[in-house]
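Novice: In case you want the letters, here they are:
2 protein chains.
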Amino acid sequence: MDHLYEKTMNQQRIFSGKVIDMYVEDVLLPNGETSKREIVKHPGAVAVIAITKENKMVLVRQYRKALERVLVEIPAGKLEKGEAPLETARRELEEETGYVCETMEPLHSFYTSPGFADELVHIFLAKGLTKKSEKQMLDDDEFVDVLEVTLEEALNMVKEKQIYDAKTIYALLYWQLYM
Amino acid sequence: MDHLYEKTMNQQRIFSGKVIDMYVEDVLLPNGETSKREIVKHPGAVAVIAITKENKMVLVRQYRKALERVLVEIPAGKLEKGEAPLETARRELEEETGYVCETMEPLHSFYTSPGFADELVHIFLAKGLTKKSEKQMLDDDEFVDVLEVTLEEALNMVKEKQIYDAKTIYALLYWQLYM
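Quick mapping for you: the protein sequence lines, in order, are chains A and B.
Be aware that the first sequence starts at 1, since it is given in the working numbering, and climbs by one per residue.
Be aware that the second sequence starts at 1, since it is given in the working numbering, and climbs by one per residue.
FYI, nobody ran anything at the bench for these hints, they're computed from the structure.
Treat the hints with caution; some may be incorrect.
A pair counts as met if it fits within one copy or between any two copies, since identical chains are not told apart.
No more than 20 Å apart at the CA atoms, straight line, and that leaves these computed lysine to aspartate or glutamate pairs for EDC-like [unchecked claim]: (1) K18 with E153; (2) K127 with E142; (3) K135 with D145; (4) K36 with D21; (5) K132 with E83; (6) K41 with E25; (7) K41 with D21; (8) K132 with E153; (9) K161 with D2.
Generate coordinates for the entire structure from the input sequences, incorporating the hints supplied.
Specialist: What follows is the structure, given as structure tokens:
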């Protein structure tokens, strides 16, 4: 057992919702003392780096209620039960943007907020994009604008804090480094 | 008003803790329908890219209860009330690793999980590192190993999923791109 391990002594469920569940756990620390950990459980998500033949990145603009503002992000969505991340990535890209792709390659996965949440985001690279539909197929409570921007335009959106989230900034660094 | 805006019709506090608060909000959607949003409030955090004179990155190894595993991450910590992010960055670097620095430069800030949380992480670059103390000054419930790794070793830790979080993968892309 790792010397940093924290043993769960008790777990209390605080909330169970459609996106997240929340728990408070009593833990036994490595030094024998006890403490409480506040924990959010999330099903995980995918996000897609999609570059068009014109060398533009496909982005989506949506209202983020937790932030009370609009953000511009790479297309993303949470995992549905029993759905493989690769399928979620293809589905979310098509539903949010109308694009389908020839290949969808897994790049990286990362935890977004390991201090309090177990959300794991799987990042995919979509290649060979074709616009299948001008119409989006969104969830009932989902409203999304689609835009396509050059690297220079995207970097300006970072400066202006329109792009302001971890997965999209990762996507821009990846674009600069590898593409 | 942005056409994607969601108006809060009601807010219910589910939980108020030492790290996070949780709310469920009833919102009015752009199409006039209503929906619920599950929202986690977090004070925000800092994280520090610290490269030694030997060109090694300073990393910390700690148990993440939300994931039930140890992760290797760049030094980080949550903002204390009334404390400027720059000060938090200097404090957390010294407390977790024993290093002080000549300059601490803000690089990027990003939301980690905009779908359900308002956590904003401020990334800093520490330059001119000096080891001030071999002793850590950790919180009562904080247990952290310090390690120093080359870029090659860090990239191997990504492959082995020891490094597996957004801010640290961002730090490694930044290291490759700009340093």
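Novice: Does each hint hold? Answer for all of them.
Specialist: Checked hints:
no. : hint           : result
1   : K18 with E153  : neither (35 Å within a copy, 40 Å between copies)
2   : K127 with E142 : neither (25 Å within a copy, 43 Å between copies)
3   : K135 with D145 : within (11 Å within a copy, 51 Å between copies)
4   : K36 with D21   : both (17 Å within a copy, 14 Å between copies)
5   : K132 with E83  : neither (22 Å within a copy, 50 Å between copies)
6   : K41 with E25   : both (12 Å within a copy, 18 Å between copies)
7   : K41 with D21   : both (5 Å within a copy, 14 Å between copies)
8   : K132 with E153 : neither (25 Å within a copy, 43 Å between copies)
9   : K161 with D2   : between (40 Å within a copy, 16 Å between copies)
Checked against the numbered hints listed earlier, the structure breaks hints 1, 2, 5 and 8; every other hint is satisfied.
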